[in-house]
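Student: Chains as they are written, first to last, in my numbering: chain S, 498 to 691; chain C, 496 to 690.
These are computed hints drawn from the structure, not numbers from a lab.
Cβ coordinates follow ideal geometry from the N, Cα and C atoms, glycine included.
Please note that the accuracy of each hint is not assured.
Facing chain C, a subset of chain S residues (Cβ under 8 angstroms, in silico) [what the hints assert, rightly or not]:
#1 Glu502
#2 Ile503
#3 Lys505
#4 Val507
#5 Thr508
#6 Cys509
#7 Glu511
#8 Ile513
#9 His515
#10 Glu516
#11 Ala567
#12 Ala652
Here are a few chain C residues that sit away from chain S, every Cβ distance over 10 angstroms (derived from the structure) [to be verified]:
#13 Pro521
#14 Glu587
#15 Gly622
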Amino acid sequence: MDLIEIRKIVTCREEIFHEGGPPAAVPLIRGAVAAVLRNPYAGRYEPDIMPMMKALEPVGLDMARRLIAAMGVEPARIQGYGKGAIVGAAGELEHGALWHVPGGYAMRALLGDAKAIVPSTKKLGGPGTRLDVPVTHINASYVRSHFDAMEVGLADGPKANELVYILVMTTGSRIHARVGGLNAAEIVGKDGLR
Amino acid sequence: MNDLKIRKLVVTVEETHREQGRPVQPATRKALAIAVIENPFAGRFVEDLEPLIAIGEALGGLLGDRAVAALGIRPGEAESYGKAAIVGEAGELEHAAALLHPRMGKPLRVAVEKGAALVPSAKKMGGIGTPIDVPLGHKDAAFVRSHFDAIEARLADAPRANEILVAIVVTDSGRPLPRVGGLTTAEMEGKDGLR
Chain S
498 MDLIEIRKIV
508 TCREEIFHEG
518 GPPAAVPLIR
528 GAVAAVLRNP
538 YAGRYEPDIM
548 PMMKALEPVG
558 LDMARRLIAA
568 MGVEPARIQG
578 YGKGAIVGAA
588 GELEHGALWH
598 VPGGYAMRAL
608 LGDAKAIVPS
618 TKKLGGPGTR
628 LDVPVTHINA
638 SYVRSHFDAM
648 EVGLADGPKA
658 NELVYILVMT
668 TGSRIHARVG
678 GLNAAEIVGK
688 DGLR
Chain C
496 MNDLKIRKLV
506 VTVEETHREQ
516 GRPVQPATRK
526 ALAIAVIENP
536 FAGRFVEDLE
546 PLIAIGEALG
556 GLLGDRAVAA
566 LGIRPGEAES
576 YGKAAIVGEA
586 GELEHAAALL
596 HPRMGKPLRV
606 AVEKGAALVP
616 SAKKMGGIGT
626 PIDVPLGHKD
636 AAFVRSHFDA
646 IEARLADAPR
656 ANEILVAIVV
666 TDSGRPLPRV
676 GGLTTAEMEG
686 KDGLR
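Just chain S, same shape as in the assembly:
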């Protein structure tokens, strides 16, 4: 059986105009894509899970492309990103960790030379579980205005033998960001941090 068997793909685009304050000149767009896949290692301990990491590379690229298309923006407008995984009950957390490399690789492949680490989170869960995917600036993790998170999940997954892999991107800072710290205009952008 193929390692990759996708049951569902969900994309979501949020357009945020304000949050009680003055409406922004340019609305913030946050997007998420989630793929629900069969977990080829469900129900048993499999010592070597690296083949799945490799098999996920084209899945990640397809998801990243779908996400940018759903957001309806040029890749150059993406300023924040994050990723995550929800592992169904018959899997283990380590199966979620398989997403670190292909998920990050896929977004960097489309966003050019993104310097910062892609923040991530993962957990086990049943159908309907929501994951708060952390988001930070793509070139400098310490940019305070871009610290954010987006809740992602779907009503009918993951089933026990499934995995949900998630990518999130944003076009800017929180809509009324005003708590100081490193500013996007001050980024040096060499070490991925500042």
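Given the coordinates of chain S, assemble chain C onto it according to the supplied hints.
Tutor: Structure of chain C alone, referenced to chain S:
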């Protein structure tokens, strides 16, 4: 529309490629378009709900168009639809009725071309993070059994007390592997909205 104050718009597209391990070809697709709006009547009883009725009319076109665009289809390719609203705690259920029932349908039917059938709907009061199951039915013949369905709509950050979450769903397909008989799309006439 001076009264229409949108905090956010959210569009979600869900594709189902497999069901119980079987391929679904072509994949079934649902688009869910949500607006979070300010409730102009939060915290007080207002007899005349015309301003909300007008907002409902505007949202019928806006959200209908967004859903169709997200599916990347021509309006005539839409197959089923549904609508719903969640009223934040400072409002009343009748506010959802004003948005959904009097005038939302006409512009929605323009967005999906035709739409002889009733638009199935659901409404409730709720706090932030409340989910609502939006019922779906075929847009031209309500009795088409393969298209009876629903999709859950939920935002993590809405509705606040003075807000209303309004959702419109458009699909280009029925359930993934329909096999419980009844009226089919091939048999429907699509004239009276029922069969």
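Student: All hints, please: hold or fail.
Tutor: Quick rundown of the hints versus the structure:
no.	hint	verdict
1	Glu502	holds (7 angstroms)
2	Ile503	holds (5 angstroms)
3	Lys505	holds (5 angstroms)
4	Val507	holds (5 angstroms)
5	Thr508	holds (5 angstroms)
6	Cys509	holds (4 angstroms)
7	Glu511	holds (5 angstroms)
8	Ile513	holds (5 angstroms)
9	His515	holds (6 angstroms)
10	Glu516	holds (7 angstroms)
11	Ala567	holds (7 angstroms)
12	Ala652	holds (4 angstroms)
13	Pro521	holds (13 angstroms)
14	Glu587	holds (22 angstroms)
15	Gly622	holds (15 angstroms)
Hint check: no violations occur; every hint is consistent with the structure.
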